[in-house]
Every structure is written in C-alpha cells, then in structure tokens.
Amino acid sequence: MRKTYIAVITLALVAIIGNHLTSPSSGRAVSPEDFAGACAPCGAPCPSKK
Amino acid sequence: MSTASVAAPSAGAALGIDRLFLGLALAATAILIALVLLDGQPLSAALILGGFGLGVAFLKAEFSYTASWRRFLTRGEAGGLLGGLIVIAIAAVVVVPMAALKSDFGGAIAPLGPSLIIGAFVFGIGMQLANGCGSGTLYTVGGGSGRMLLTLFWFIVGSVAGSLSLPSFMALGGIDPVLASDYLGPWGGLAATLASIALAAGLIVAVAKRRGANFKPNRNYVIGGIVIGLLSIAVFLAGGHPWSVTFGFTVWGAKVAQALGFDFSHAAFWQWPGPKHALADSVLSDTSSLTDFGMIFGAMAAAAASHPYARAAWPPLKSLLAAAVGGLLMGWGARLGFGCNIGAFVGGVASGSLHGWVWFAAALPGCLIGIRLRPLFGLSKD
Numbered sequence: 001m002r003k004t005y006i007a008v009i010t011l012a013l014v015a016i017i018g019n020h021l022t023s024p025s026s027g028r029a030v031s032p033e034d035f036a037g038a039c040a041p042c043g044a045p046c047p048s049k050k
Numbered sequence: 001m002s003t004a005s006v007a008a009p010s011a012g013a014a015l016g017i018d019r020l021f022l023g024l025a026l027a028a029t030a031i032l033i034a035l036v037l038l039d040g041q042p043l044s045a046a047l048i049l050g051g052f053g054l055g056v057a058f059l060k061a062e063f064s065y066t067a068s069w070r071r072f073l074t075r076g077e078a079g080g081l082l083g084g085l086i087v088i089a090i091a092a093v094v095v096v097p098m099a100a101l102k103s104d105f106g107g108a109i110a111p112l113g114p115s116l117i118i119g120a121f122v123f124g125i126g127m128q129l130a131n132g133c134g135s136g137t138l139y140t141v142g143g144g145s146g147r148m149l150l151t152l153f154w155f156i157v158g159s160v161a162g163s164l165s166l167p168s169f170m171a172l173g174g175i176d177p178v179l180a181s182d183y184l185g186p187w188g189g190l191a192a193t194l195a196s197i198a199l200a201a202g203l204i205v206a207v208a209k210r211r212g213a214n215f216k217p218n219r220n221y222v223i224g225g226i227v228i229g230l231l232s233i234a235v236f237l238a239g240g241h242p243w244s245v246t247f248g249f250t251v252w253g254a255k256v257a258q259a260l261g262f263d264f265s266h267a268a269f270w271q272w273p274g275p276k277h278a279l280a281d282s283v284l285s286d287t288s289s290l291t292d293f294g295m296i297f298g299a300m301a302a303a304a305a306s307h308p309y310a311r312a313a314w315p316p317l318k319s320l321l322a323a324a325v326g327g328l329l330m331g332w333g334a335r336l337g338f339g340c341n342i343g344a345f346v347g348g349v350a351s352g353s354l355h356g357w358v359w360f361a362a363a364l365p366g367c368l369i370g371i372r373l374r375p376l377f378g379l380s381k382d
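Here the protein sequences line up with chains A and B, keeping their order.
The first sequence runs contiguously to residue 50 in my numbering.
The second sequence runs contiguously to residue 382 in my numbering.
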C-alpha cells in the first residue's frame, strides 16, 4: 500500500503542477458560486431563471 | 471510519514517526502554497492551510459523520451526530450574517426540488457502503487507507457522471433557494438558524433517550467540533463561501477526462459560467480543490507524525467493491444533491439555507438503506 500511495502522490503532484503551469489563473481562488446567476455551490442556475 | 483501522501498524512494525510520508505531506503542501503565492494569491495559501488544519483535526478527533450517523440510526447513540451540529452552529455565527451583509461573501445555497432529494438519498446509501462521506473520504485517504483511495477514485468518476446528469434532474422542477436571512435579515436569520440547530439537537436527544442510548458527545467530538467549526470559519473568510468538498472532485475528473479526449462543449453543466471557468482555469484557482488538497496532506502529516503510515493490509475484495460502489454513488449523489455532508449539510445549514436540512432529511433514509446493504459486502451494520 505504501508504494501505491507514493505512486498516487507523485502522479497527483505532477498533474496538479502541470495543470497549473499550463492553464490560466483567475488571479484569486474562485468558487462557481462567484459567477452571475449561480444558485448552487456547483454554479447551477436558479429554477426561476430557466 | 476509525483511524485505528486506517493506520494500525502491522505486527512487529516499530512505532514512531514515518519520516518519509511526513516529509512528503509537508513538501507537497509547501509546493502548492509556493505555487499560489508565486501567483500572488495569499488567500489561496490560506485555503490550503485551512484544509491542512481540517485534515489534522478530523484525523486526530476521528470525527466521522458516517459512523456517527450509523450509530444513531442503528443504536440511537447521538453523541457524534450532536458533535456534527456543534460544527454547524459555530460556523453559522459568522457565515449567516457575513453572507447577508458583505457582498464579497455568499452562503451555500441550492434550489429545492427532486434533484436535491434524490441526490442526497443516493449519497446517503453511498456513504455507508464506502465507510466515509465527503470529509471522511478526504481524511481517511490522507490517513493512509488504500480502501478509501479506491472510494475517492470512484467518487471522482461518479461526480463527473453526476455533472452530466444534473441538468436533466433539475429539469424535473424545483423552487429557488430559501434563505433565512432573506426573510428575517442577517441577525434574525442567524437566530432562526441557531434555533433550527437547537430544535434538531432536541429531537436527536429525544430519540436517543427513547432508545436508552447515550446522547452526550465524547471529548473528541466536542473539541473536534469546536476546532472544525472554527476552521470552517477560516475557510469561509479566505474563500468567500462556506467550505465545500465535492466540486473539486468533479473538476479533477473532468480535467482528466478532457485530457483523455472527452469533449464537454455539449454538456450543459460545463457551459454554466462557474464550472466552465473551473474546467478551463488552473485547478489551484478552485477554492474547493485547494481545501481538498490541504485536507489530504494535513491528515497524512498527522497520521505519519504518530505511527508508520499505510501499513495496513488491503481489505477483502468484497469490502473494496463496497468502497467503489459507495464512492460512485456518493459522487453522483453529491452532484445532484448540490454537495455532500460538508457542502450541502454543514454549509447549507450554516448559511441558513433550507436546502441543508432537506439534504439531511433525505440522506438519513439513504443511510438506512446503505446500512442494510453493508452485510452483502462483508461489512458490519454497526
């Protein structure tokens, strides 16, 4: 199990760093709720706005 | 899930600090913090550290929503359930008024409808099969449980599937969020929220007494509840929204799927502004991902600092199957239910949003089903 964890941590860090360095950054951490029209933590719209 | 089962050293293993994994956890955390600081994002660093603290707190207190709900449903023991309410009450004191008074802050809100109820119910089944919920999965993965690593993988898969399902389930209908502060103002909303928590606690104690079971939270749940409540406030202040867990999983899974060639341009969920940005931007720009990473490495550091890490043998195949099925159900259920025990229940109730209580009421019967299914996978009902 230790080897599994080392492999997973290594892969995860490479993926995170790779994604961060190759993707735009919004300047601050954001939640989907920060965007206009969001009615849920995942950014879903309100039923009334459909 | 007990950390004793997560991290018990194998026979003959020496007790002591596991320097390798302690070092890995601290180094990984430092790398992530350095990356966000280099981007000029100190609040992102605060979210990682907040998550780290949560990982330590959950692991050291063995603070399990899943096990405490199971003990309540099977034996009427209410201590753990009440400990979970301590977290919410403490967080609510800051979240409700600030979300109402400050435009930079918002509560965890969600529409009320079939999607919420179905999602929470399915999540409840999954959390009992998996032996951990949203927070439980994170801290036990961090704590060295290979079984929960499998749960996390399928949690991620399930949440991406849930993202594709959610628009259809939302089309079944629903009403806009019901927020206490919208009707009663920030302080009336807070009073109503705290009153609802007190009412729930009273009902829970009444059930425990009727079943002749203990209702007093033990020291771990009291101290853990207070610390986790305070850390939840810190995460809220740093991120602008209550602590959430599962959106991070959805983003991770979608990014991997996209890298493997999956096209989300026709998926309604991923065209909503929030998810669209999350998929396109760095994973370190997502509040949920930052606290998730912090929590995993915090729990890892806490576990490795006290005993050899990840030394337990792999559990039987049936148990691993339960872990996978449970993770899949939790992932799908969390997307439909607008979050997990943390995002929907803790965050929702602490925000004064009615959906938090609806989520809880729907998840409990799901837990009952999950508990009944546990023996099929060689798991006990207790």
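Everything labelled a hint here was simulated from the structure, so no lab data went into it.
All values derive from a computational prediction rather than experimental measurement.
Wrong hints could be hidden among the right ones.
Simulated restraints on C-beta separations [what the hints assert, rightly or not]: (1) B/Ala313 to A/Gly27: 41 to 51 Å; (2) A/Gly27 to B/Leu376: 24 to 34 Å; (3) B/Asp263 to A/Val8: 24 to 34 Å.
Note that beta-carbon positions come from the ideal geometry of N, C-alpha and C, so glycine has one too.
Can you list which hints this structure breaks, lowest number first? 2
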